[in-house]
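Peer 1: Listed below, chain by chain, are the residues.
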Amino acid sequence: RKEVEQDPGPFNVPEGATVAFNCTYSNSASQSFFWYRQDCRKEPKLLMSVYSSGNEDGRFTAQLNRASQYISLLIRDSKLSDSATYLCVVRYNTDKLIFGTGTRLQVFP
Amino acid sequence: DAGITQSPRHKVTETGTPVTLRCHQTENHRYMYWYRQDPGHGLRLIHYSYGVKDTDKGEVSDGYSVSRSKTEDFLLTLESATSSQTSVYFCAISEADAEATYEQYFGPGTRLTVT
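In order, the protein sequences belong to chains V and B.
Going by our numbering, the first sequence opens with residue 1, and the numbers climb by one from there.
Going by our numbering, the second sequence opens with residue 1, and the numbers climb by one from there.
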């Protein structure tokens, strides 16, 4: 079983739609959680950290469920520019991160 | 954007030749990392550094070595390149913040092809 698992997609959604991604992690000792965005042939960029209480940044909302060991990312009012691969990332009791393989999102007009 | 550069950005080399990739940062961050990214795999950690001359192995370190003689530079060396090392290599940096989240910031990547 992979330490961090994501549905690879692709998720094909029209502009303006709401879309949600889930990610599960296997190590209950995980301490920090992140969503990164990666455009084709580019480096991953930090989208947001995920806090226990959940957090929101504009159209993006991240949630953490420690009991069920999953993280979610909700994107409202999708834009064409949101098309990318979204990486779920988990940190255990070190400074090293474990990356999921990513969920691909394609927003169409 | 974090001040991280990688060189070269693209390289084609032959099997058996040595290759060195350079990561340079201007953020004075303590931690630096080398990852590789391949289809079907998440980013996988090759080596990392937690200070000058302090390095350690990641999950896919075989065939790679690193050096860090200055805070700003982290070098990755393939002693004798093999076709299985064809990949995209990313460098990342982080620093312990108040929340100890260790957010990492990535360089633009190096595309390496071993023929």
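Watch out, some of these pointers could steer you wrong.
[What the hints assert, rightly or not] Just some of the chain V residues that point at chain B, by a computed CB distance under 10 Å:
{"id": "1", "residue": "4"}
{"id": "2", "residue": "11"}
{"id": "3", "residue": "38"}
{"id": "4", "residue": "41"}
{"id": "5", "residue": "46"}
{"id": "6", "residue": "49"}
{"id": "7", "residue": "53"}
{"id": "8", "residue": "97"}
{"id": "9", "residue": "99"}
{"id": "10", "residue": "104"}
{"id": "11", "residue": "107"}
{"id": "12", "residue": "108"}
[As the list claims (entries may be wrong)] Here are the computed lysine to aspartate or glutamate pairs in the EDC-like style, where the Cα-Cα straight-line distance is at most 16 Å:
{"id": "13", "chain 1": "B", "residue 1": "53", "chain 2": "B", "residue 2": "72"}
{"id": "14", "chain 1": "V", "residue 1": "96", "chain 2": "B", "residue 2": "54"}
{"id": "15", "chain 1": "V", "residue 1": "96", "chain 2": "B", "residue 2": "59"}
{"id": "16", "chain 1": "V", "residue 1": "96", "chain 2": "V", "residue 2": "7"}
{"id": "17", "chain 1": "V", "residue 1": "96", "chain 2": "V", "residue 2": "77"}
{"id": "18", "chain 1": "V", "residue 1": "2", "chain 2": "B", "residue 2": "59"}
{"id": "19", "chain 1": "V", "residue 1": "42", "chain 2": "B", "residue 2": "38"}
{"id": "20", "chain 1": "V", "residue 1": "96", "chain 2": "B", "residue 2": "72"}
{"id": "21", "chain 1": "V", "residue 1": "45", "chain 2": "B", "residue 2": "59"}
[What the hints assert, rightly or not] DEER-style ranges, computed between Cβ atoms:
{"id": "22", "chain 1": "V", "residue 1": "41", "chain 2": "B", "residue 2": "13", "range": "16 to 24 Å"}
{"id": "23", "chain 1": "V", "residue 1": "41", "chain 2": "B", "residue 2": "54", "range": "39 to 47 Å"}
{"id": "24", "chain 1": "B", "residue 1": "65", "chain 2": "V", "residue 2": "92", "range": "23 to 31 Å"}
{"id": "25", "chain 1": "B", "residue 1": "30", "chain 2": "V", "residue 2": "2", "range": "24 to 32 Å"}
{"id": "26", "chain 1": "V", "residue 1": "79", "chain 2": "B", "residue 2": "73", "range": "15 to 23 Å"}
{"id": "27", "chain 1": "V", "residue 1": "18", "chain 2": "B", "residue 2": "63", "range": "42 to 50 Å"}
{"id": "28", "chain 1": "B", "residue 1": "57", "chain 2": "V", "residue 2": "58", "range": "33 to 41 Å"}
{"id": "29", "chain 1": "B", "residue 1": "70", "chain 2": "V", "residue 2": "108", "range": "24 to 32 Å"}
{"id": "30", "chain 1": "V", "residue 1": "28", "chain 2": "B", "residue 2": "20", "range": "33 to 41 Å"}
{"id": "31", "chain 1": "B", "residue 1": "14", "chain 2": "V", "residue 2": "70", "range": "42 to 50 Å"}
These aren't lab readings, by the way, just hints derived from the structure by calculation.
All C-beta atoms in this analysis are idealised placements derived from N, C-alpha and C, irrespective of residue type, glycine included.
Peer 1: Could you run down the list of hints and mark each one as holding or not?
Peer 2: Here's how the hints hold up against the structure:
no.: 1; hint: 4; result: holds, 7 Å
no.: 2; hint: 11; result: violated, 18 Å
no.: 3; hint: 38; result: holds, 9 Å
no.: 4; hint: 41; result: holds, 8 Å
no.: 5; hint: 46; result: holds, 6 Å
no.: 6; hint: 49; result: holds, 6 Å
no.: 7; hint: 53; result: violated, 13 Å
no.: 8; hint: 97; result: holds, 6 Å
no.: 9; hint: 99; result: holds, 4 Å
no.: 10; hint: 104; result: violated, 12 Å
no.: 11; hint: 107; result: violated, 22 Å
no.: 12; hint: 108; result: violated, 24 Å
no.: 13; hint: 53(B) to 72(B); result: holds, 12 Å
no.: 14; hint: 96(V) to 54(B); result: holds, 15 Å
no.: 15; hint: 96(V) to 59(B); result: holds, 11 Å
no.: 16; hint: 96(V) to 7(V); result: violated, 23 Å
no.: 17; hint: 96(V) to 77(V); result: violated, 33 Å
no.: 18; hint: 2(V) to 59(B); result: holds, 14 Å
no.: 19; hint: 42(V) to 38(B); result: holds, 13 Å
no.: 20; hint: 96(V) to 72(B); result: violated, 19 Å
no.: 21; hint: 45(V) to 59(B); result: violated, 22 Å
no.: 22; hint: 41(V) to 13(B): 16 to 24 Å; result: holds, 20 Å
no.: 23; hint: 41(V) to 54(B): 39 to 47 Å; result: violated, 32 Å
no.: 24; hint: 65(B) to 92(V): 23 to 31 Å; result: holds, 25 Å
no.: 25; hint: 30(B) to 2(V): 24 to 32 Å; result: holds, 29 Å
no.: 26; hint: 79(V) to 73(B): 15 to 23 Å; result: violated, 38 Å
no.: 27; hint: 18(V) to 63(B): 42 to 50 Å; result: holds, 45 Å
no.: 28; hint: 57(B) to 58(V): 33 to 41 Å; result: holds, 39 Å
no.: 29; hint: 70(B) to 108(V): 24 to 32 Å; result: violated, 47 Å
no.: 30; hint: 28(V) to 20(B): 33 to 41 Å; result: holds, 40 Å
no.: 31; hint: 14(B) to 70(V): 42 to 50 Å; result: holds, 45 Å
The structure is inconsistent with the numbered hints 2, 7, 10, 11, 12, 16, 17, 20, 21, 23, 26 and 29, although it conforms to all the rest.
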